[in-house]
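Student: Top to bottom, those sequences are chains B and E.
No gaps in the numbering here: position 107 of the first sequence is 107 in the working numbering, and each next residue is one more.
No gaps in the numbering here: position 88 of the second sequence is 88 in the working numbering, and each next residue is one more.
FYI, nobody ran anything at the bench for these hints, they're computed from the structure.
In this text, all values refer to a predicted model and were calculated from it rather than measured experimentally.
Please note that a few of the clues may not be correct.
[Said to hold, decoys possible] Lysine-lysine pairs mimicking BS3-like chemistry, simulated, CA-CA at most 25 Å apart:
#, chain 1, residue 1, chain 2, residue 2
1, E, K88, B, K153
2, B, K153, B, K111
3, E, K56, B, K154
4, B, K317, B, K182
5, E, K31, E, K56
6, E, K20, E, K88
7, E, K20, E, K31
8, B, K154, E, K17
9, E, K88, E, K56
10, E, K27, E, K88
11, E, K56, B, K153
12, E, K17, E, K129
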Amino acid sequence: MPTPGKVAIVGAAEMVSPLGVFPEYSQLGLHAEAGIRAMKDAGLKPSDIDGVACAGASPTETAFYLGITPTYVDGTQVGGCSFMIHVRHAVAAIEAGLATTVLITHGESGKSGIGRGGYPMGARQSLNAQFEQWTGPTGPPSMFTIPVLHYLKKYNITQEQLAMVAVIQREYAAKNPNAMMKDPITVEDVLNSRMIAYPFRLLMCCLVTDGAGALILTSADRAKDFPTKPVYILGTGESVETPMVTQMEDFSSSRAFRVAGPTAFREAGIKHSDVDHLMIYDAFAHLPLYGLEDLGFVGPGEAAAFIGDGNTRPGGKLPLNTNGGGLSYTHSGMYGMYALQESVRQMRGTAPAQVPGAKISVSHGVGGMFAASGTVIMSNERP
Amino acid sequence: MAPQATPETQPYWDGLKEGKLMIQRNKATGKAYFPPRPFDPSDPWAEVEWFQASGKGTLLSYVINHRPPPGFDGPTAIAVVQLAEGVKMATNIVDCPQTPEALQLDMALELAPTKVNDEITLPTWRPAKGA
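Same shape as in the complex, but just chain B (with noise of 0.2 Å):
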């Protein structure tokens, strides 16, 4: 098992506009800028990188684009938790000496298309095509919910809850500069906004924009040298599940999750209690809630009465999704990058809604539907 703390992120770029587009790059050039701006932001240049990862381009793709000559090379690509299945690997790579600086990179045109490979679920004879695809659904939000009537019916839990999730939010956007939706929403506003897919409505789907991010890791005994605070991994998971949503072994929980969160909270040897602020990738309003349960910040069916309550809203004892989330800041379609970077600007004190003194952060995302999941914990401090 990894030890905590052995390696720390000492670089991070993230580019998100309030408009949500970047018309200028093509999706290799998204990779391509984040990267140059991580790396700015750790003061290295590409030959001080040997380790490579990325998901929506091939590692080939990026190391030959920014002129990198890697010793490591990782191109697990399961949808918008990839990022943090990079970091997870990116630590084992550094621990075990196949690589000293490894730069994780995200960028997707994934509103304006520039670039973009398509969406590889098309062939007639795949196990989606057979078996899923023929029901018709029109992408994410037709598919990823339709486990949730379910699970609103075994836990008793209201389309307003549901719809609380999304106006919670919406209180952090308000606060950040960068969010593309900061106008602030009422329970009314979400269950009166078009409908996508019964029960999701507009307000309770993500946004569809373009976006960048990258991230540099490398051994902790370094990381004092680098210019910024550097963020240490204390422990991380990953799993996967099925590429068919509908093949999910409970519809009210997700095996990925439940495998993901606990490996990295066992690594990092935190308690729940321990962590000062949390990232659940949401790319649908029921994410979070999935989320808080699978991982047991609370107990099955109690997420949207602990999220209603109040707990993870600004000044909440446990601010969720600070950045306004999938839902109100940016999604680009493998949201992931997002959580992380959100994740280490509290850990460097420098998000803004800034959470006063968290020193753990746990940054928590989904692949595909309910495909995959990668767990993230970090913190400001060596254990």
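Use these hints to put chain E onto chain B, whose structure you have.
Tutor: Chain E only, in chain B's frame:
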């Protein structure tokens, strides 16, 4: 776009052409699994067999997609049926208004296949008669 069988799934699609839902189970334990594959994922060395499912199930969950792709007539429920045999599958609910009022969770469903072409008949379901 209509699905296309693979060698591993051919008996499933062949069964549907005759109106039968053929799935697989572990011969020793009798436990069904889905989607079809030549082995039981809980014991890849066990003997497995195809058998005809009862065609009875219940409505586990759904969404009503208000932006359906071409070929669908208005808002369409994408549903998951929990089969009596213990497995679940994605489906459309036919012979039923596509509304929250008509689509009650846990309601009884029965198999009602829909022919697409000579090769593919889809495993659609409908509210159980007399339910």
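Student: Would you mind marking each hint as holding or not holding in the structure?
Tutor: Hint check:
Distance restraint check for E:K88 and B:K153: the Cα-Cα separation of roughly 18 Å lies within the 25 Å cut-off, and the hinted pair is therefore satisfied. Using a Cα cut-off of 25 Å, the hinted pair B:K153 and B:K111 is violated, with the two alpha carbons roughly 34 Å apart. Between E:K56 and B:K154 the CA atoms are separated by roughly 22 Å; this keeps the pair inside 25 Å, and the hint holds. Note on B:K317 and B:K182: the hinted pairing holds, with a Cα-Cα distance of about 23 Å set against a maximum of 25 Å.
Taken as a hint, the E:K31 and E:K56 pair is honoured in the structure, with Cα atoms around 16 Å apart against an allowance of 25 Å. Restraint check for E:K20 and E:K88: the C-alpha separation of about 16 Å stays at or below 25 Å, so the hint holds. Between E:K20 and E:K31 the CA atoms are separated by roughly 19 Å; this keeps the pair inside 25 Å, and the hint holds. About 36 Å separates the Cα atoms of B:K154 and E:K17, which puts this hinted pair outside 25 Å; it is violated.
Between the alpha carbons of E:K88 and E:K56 the distance comes to roughly 11 Å, so the proposed pair stays at or under 25 Å and holds. Restraint check: the Cα-Cα separation between E:K27 and E:K88 comes to about 19 Å, which is no more than 25 Å; the hinted pair holds. With a C-alpha separation of about 22 Å, the suggested pairing of E:K56 with B:K153 holds against the 25 Å cut-off. Taken as a hint, the E:K17 and E:K129 pair is honoured in the structure, with Cα atoms around 22 Å apart against an allowance of 25 Å.
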